[in-house]
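A.B. asks: Listed below, chain by chain, are the residues.
Protein chains: 2
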Amino acid sequence: MVEYSKFFSELTRRFRASDVRELLKMTEGRRIISFAGGLPDPRVFPKTEIGEIANMVARELGEKALQYSPTPGVGEFRGVLKGFLERSRVRIGEGDEIVVTSGSQEALFLASMALVSPGDVVLIEEPGYLAAINVFKALGARLVPVRVDDEGLDPEHLAEVLRMLDGEGVKPKLVYTNPTSNNPSGTTMPIDRRREVLELASRYDLLVFEDDPYSFFTFDDSVRFEHLKTMDKEGRVVYFGTFSKILTPGLRLGWVAGPSEIVSRVELVKQIVDLHTSTLDQYIAMEAIRRGVVERVIEKAKILYRKKRDLMLSALDETMSDFANWTRPIGGFFIFLRISGGIDMRSLFPKAVERGVAYVPGDAFYVTPGAGRNTARLSYSFNREEEIFEGVRLLSEVIKEGLASSGKA
Amino acid sequence: MVEYSKFFSELTRRFRASDVRELLKMTEGRRIISFAGGLPDPRVFPKTEIGEIANMVARELGEKALQYSPTPGVGEFRGVLKGFLERSRVRIGEGDEIVVTSGSQEALFLASMALVSPGDVVLIEEPGYLAAINVFKALGARLVPVRVDDEGLDPEHLAEVLRMLDGEGVKPKLVYTNPTSNNPSGTTMPIDRRREVLELASRYDLLVFEDDPYSFFTFDDSVRFEHLKTMDKEGRVVYFGTFSKILTPGLRLGWVAGPSEIVSRVELVKQIVDLHTSTLDQYIAMEAIRRGVVERVIEKAKILYRKKRDLMLSALDETMSDFANWTRPIGGFFIFLRISGGIDMRSLFPKAVERGVAYVPGDAFYVTPGAGRNTARLSYSFNREEEIFEGVRLLSEVIKEGLASSGKA
Numbered sequence: 094m095v096e097y098s099k100f101f102s103e104l105t106r107r108f109r110a111s112d113v114r115e116l117l118k119m120t121e122g123r124r125i126i127s128f129a130g131g132l133p134d135p136r137v138f139p140k141t142e143i144g145e146i147a148n149m150v151a152r153e154l155g156e157k158a159l160q161y162s163p164t165p166g167v168g169e170f171r172g173v174l175k176g177f178l179e180r181s182r183v184r185i186g187e188g189d190e191i192v193v194t195s196g197s198q199e200a201l202f203l204a205s206m207a208l209v210s211p212g213d214v215v216l217i218e219e220p221g222y223l224a225a226i227n228v229f230k231a232l233g234a235r236l237v238p239v240r241v242d243d244e245g246l247d248p249e250h251l252a253e254v255l256r257m258l259d260g261e262g263v264k265p266k267l268v269y270t271n272p273t274s275n276n277p278s279g280t281t282m283p284i285d286r287r288r289e290v291l292e293l294a295s296r297y298d299l300l301v302f303e304d305d306p307y308s309f310f311t312f313d314d315s316v317r318f319e320h321l322k323t324m325d326k327e328g329r330v331v332y333f334g335t336f337s338k339i340l341t342p343g344l345r346l347g348w349v350a351g352p353s354e355i356v357s358r359v360e361l362v363k364q365i366v367d368l369h370t371s372t373l374d375q376y377i378a379m380e381a382i383r384r385g386v387v388e389r390v391i392e393k394a395k396i397l398y399r400k401k402r403d404l405m406l407s408a409l410d411e412t413m414s415d416f417a418n419w420t421r422p423i424g425g426f427f428i429f430l431r432i433s434g435g436i437d438m439r440s441l442f443p444k445a446v447e448r449g450v451a452y453v454p455g456d457a458f459y460v461t462p463g464a465g466r467n468t469a470r471l472s473y474s475f476n477r478e479e480e481i482f483e484g485v486r487l488l489s490e491v492i493k494e495g496l497a498s499s500g501k502a
Numbered sequence: 094m095v096e097y098s099k100f101f102s103e104l105t106r107r108f109r110a111s112d113v114r115e116l117l118k119m120t121e122g123r124r125i126i127s128f129a130g131g132l133p134d135p136r137v138f139p140k141t142e143i144g145e146i147a148n149m150v151a152r153e154l155g156e157k158a159l160q161y162s163p164t165p166g167v168g169e170f171r172g173v174l175k176g177f178l179e180r181s182r183v184r185i186g187e188g189d190e191i192v193v194t195s196g197s198q199e200a201l202f203l204a205s206m207a208l209v210s211p212g213d214v215v216l217i218e219e220p221g222y223l224a225a226i227n228v229f230k231a232l233g234a235r236l237v238p239v240r241v242d243d244e245g246l247d248p249e250h251l252a253e254v255l256r257m258l259d260g261e262g263v264k265p266k267l268v269y270t271n272p273t274s275n276n277p278s279g280t281t282m283p284i285d286r287r288r289e290v291l292e293l294a295s296r297y298d299l300l301v302f303e304d305d306p307y308s309f310f311t312f313d314d315s316v317r318f319e320h321l322k323t324m325d326k327e328g329r330v331v332y333f334g335t336f337s338k339i340l341t342p343g344l345r346l347g348w349v350a351g352p353s354e355i356v357s358r359v360e361l362v363k364q365i366v367d368l369h370t371s372t373l374d375q376y377i378a379m380e381a382i383r384r385g386v387v388e389r390v391i392e393k394a395k396i397l398y399r400k401k402r403d404l405m406l407s408a409l410d411e412t413m414s415d416f417a418n419w420t421r422p423i424g425g426f427f428i429f430l431r432i433s434g435g436i437d438m439r440s441l442f443p444k445a446v447e448r449g450v451a452y453v454p455g456d457a458f459y460v461t462p463g464a465g466r467n468t469a470r471l472s473y474s475f476n477r478e479e480e481i482f483e484g485v486r487l488l489s490e491v492i493k494e495g496l497a498s499s500g501k502a
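First to last, the sequence lines map onto chains A and B.
In our numbering, each residue's number is its place in the first sequence (first place is 1) plus 93.
In our numbering, each residue's number is its place in the second sequence (first place is 1) plus 93.
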């Protein structure tokens with residue numbers, strides 16, 4: 094009776110349903126080994142401890158823990174979180190502020206909403222984090238990709254892009270990076286690259302979004318790193334984090350930390366978006382930090398995910414070294430696969446699903462149309478150990494057949 | 094070193110820090126009887142039951158309850174919530190969908206973001222809900238006020254406003270109303286008014302936002318009402334609700350229900366805003382509905398808030414009937430006070446605070462510049478019973494002095 098589409102906002106009109114989501118619907122209801130998602134392994138969830146803590150918090154502190162709470166977060170929790178970050182070598186300076194959010198997705202959205210207007214130029218890693226790309230697109234940003242190689246964001250390419258934009262008289266607002274155990278590429282930027290990025294940010298007067306879900310449980314010291322936030326001397330870095338991987342995603346807690354001038358605007362936006370984050374969840378996380386539960390989760394995560402990464406790397410070695418190469422993550426959940434021959438991992442997807450294995454076609458992480466067709470993101474975080482080898486083996490067969498039928502194997 | 098303001102988005106530039114917030118800072122650290130906030134009384138919080146439920150849910154269902162969950166909400170919870178709404182006489186039809194949100198504030202924000210572009214005309218109650226006004230303003234809407242009298246939104250004035258806009262060739266998108274136990278006015282729209290509003294929505298092809306935090310614990314049957322959502326035959330009503338008043342605000346759970354064409358856009362927006370709402374909080378609320386905890390909270394709330402309302406009404410009768418009138422809420426948290434003489438409740442505020450009592454100056458709820466200066470919103474929800482009379486007495490003295498010094502008493 095009502096014709097609804099005329100009511101939609103400009104922002105809504107910019108949206109399309111994610112095509113990756115559509116693709117992944119193929120896997121529903123099938124018994125399949127999926128390397129597509131990025132879920133943590135529930136074996137690291139401290140179920141008993143969270144149950145105990147929640148029970149105590151609701152009974153004994155319920156008058157506060159079940160009540161409305163301040164927009165930037167429960168004051169006591171922000172203090173405890175700051176302490177945790179500092180012990181993790183993330184420097185939160187005098188001029189900084191923290192706002193607690195409903196996951197780091199909300200942190201990223203709020204900060205982007207505070208800073209990005211339609212038409213603003215945002216520099217983004219390519220391949221880059223899909224959910225960040227979607228936030229910037231929804232807000233109408235013009236996305237300019239910066240190359241990611243095996244050492245993460247390439248500062249030389251960043252410099253080139255900035256020179257080019259400068260030549261066109263275009264002033265970008267910010268560069269988005271996930272420098273440690275990158276999603277999707279599995280890369281970690283060495284310190285010298287980070288320094289160069291900060292120098293470029295200073296020279297071209299940019300802000301830097303440092304998205305950091307994984308640095309707390311790196312399990313391999315082959316790349317030395319420091320947080321951009323810690324290296325930042327000028328107050329250009331806005332730092333995003335989450336409890337999803339170091340406690341549980343179900344609590345839906347994240348944060349943004351950075352210069353108070355910026356973060357106070359984030360707080361204003363949060364006031365209209367959702368007023369505040371779950372008070373109960375904040376009290377639970379606060380107590381989980383205090384009791385050392387978060388540290389124990391981190392220790393468990395390091396052991397578990399290192400084992401799974403090793404399993405996937407050796408499966409890849411054994412089955413794909415003739416026709417592919419891949420990254421070697423020091424943490425996080427993802428390995429990025431590049432097929433040497435001409436192959437389209439998106440059009441191969443239905444065949445892979447039929448054979449019993451799934452992944453995310455890598456082109457989803459590229460802003461440049463048509464780029465990344467020969468790539469895929471594989472997650473080793475959720476699957477049982479025994480499935481990892483079998484999944485990689487199935488995938489290698491599908492790819493080999495794909496290469497053969499395209500006459501290039 | 095960095096000059097930050099140049100980085101702010103257009104949206105951020107539209108913001109000012111809420112002047113009510115600034116005003117209320119005066120009350121901080123003072124021993125004061127505050128009728129300003131709208132907090133529930135923690136005595137209704139089922140602390141023990143929530144503790145028990147959280148403990149069970151984390152331990153026994155932790156693999157799911159502590160994991161990521163779907164953007165529109167945990168499927169099982171949405172089913173339980175739908176059942177609860179239907180038992181509460183809110184009709185969720187075949188063509189409807191529900192999305193679970195982080196409080197009704199987020200529901201309102203997401204739906205507005207899906208529908209409202211800068212320059213769009215939104216019709217809003219005057220006096221109206223401040224947080225809704227702020228959402229619409231932030232999104233750049235043109236707000237057109239519609240009069241609220243003692244029976245809530247006045248359909249005659251709505252008709253007049255719509256005729257006028259039609260004459261100017263302006264097509265409004267939606268009308269926002271909180272028809273039952275209104276915040277701030279404490280009014281409830283009778284059924285015939287609701288019918289007229291729906292007829293006007295149909296005639297002028299508008300959507301209707303029905304914000305409904307309070308209908309579940311009305312405690313006085315002097316006004317018969319039905320939900321606009323239930324009366325809606327054309328699929329024009331988008332319905333917002335919250336667990337803040339029927340369980341606890343600390344869980345931060347709300348919902349939006351309405352035509353699937355609209356609500357599926359809300360889901361897309363939620364995907365970029367915060368991905369999903371706290372999984373743990375959803376499992377807790379689900380179990381609280383199943384165990385009858387929510388119904389017990391509602392019964393307790395009815396008794397407690399009726400008593401507090403009665404106390405405030407008799408205190409007003411006793412102290413202010415010579416120079417003021419006020420609304421008589423059948424539910425909710427608020428009484429709206431109108432002073433007959435010429436008085437400015439905003440400039441009176443510092444004196445009231447000095448005397449030991451606070452309120453929200455009513456002009457904060459008006460869109461029309463300068464309107465509502467002689468009004469105030471009083472909340473009876475949070476204060477202890479014994480404070481209510483004393484607070485009203487103090488306020489009456491301050492107002493009497495104000496009237497006297499303005500020579501109009």
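These are computed hints drawn from the structure, not numbers from a lab.
Accuracy of the hints is not assured; some may be wrong.
Note that identical chains are pooled: a pair holds if it fits in a single copy or bridges any two copies.
Claimed, not checked - No more than 27 Å apart at the CA atoms, straight line, and that leaves these computed lysine-lysine pairs for DSS-like:
hint: 1; residue 1: K264; residue 2: K140
hint: 2; residue 1: K230; residue 2: K99
hint: 3; residue 1: K140; residue 2: K157
hint: 4; residue 1: K99; residue 2: K493
hint: 5; residue 1: K118; residue 2: K175
A.B. asks: Is it within, between, both or neither when you check K118 against K175 at 27 Å Cα-Cα?
C.D. replies: between (40 Å within a copy, 25 Å between copies)
A.B. asks: Give the relationship of K140 and K157 under a CA distance limit of 27 Å: within one copy only, between copies only, both, or neither.
C.D. replies: both (23 Å within a copy, 11 Å between copies)
A.B. asks: My question is about K99 and K493: at a cut-off of 27 Å on alpha-carbon distance, are they close within one copy, between copies, both, or neither?
C.D. replies: neither (48 Å within a copy, 52 Å between copies)
A.B. asks: Using 27 Å as the alpha-carbon threshold, which applies to K264 and K140: within, between, both, or neither?
C.D. replies: neither (48 Å within a copy, 53 Å between copies)
A.B. asks: Are the CA atoms of K230 and K99 at most 27 Å apart within a copy, between copies, both, or neither?
C.D. replies: both (21 Å within a copy, 21 Å between copies)
Going through the hint list in order, the structure does not satisfy hints 1 and 4.
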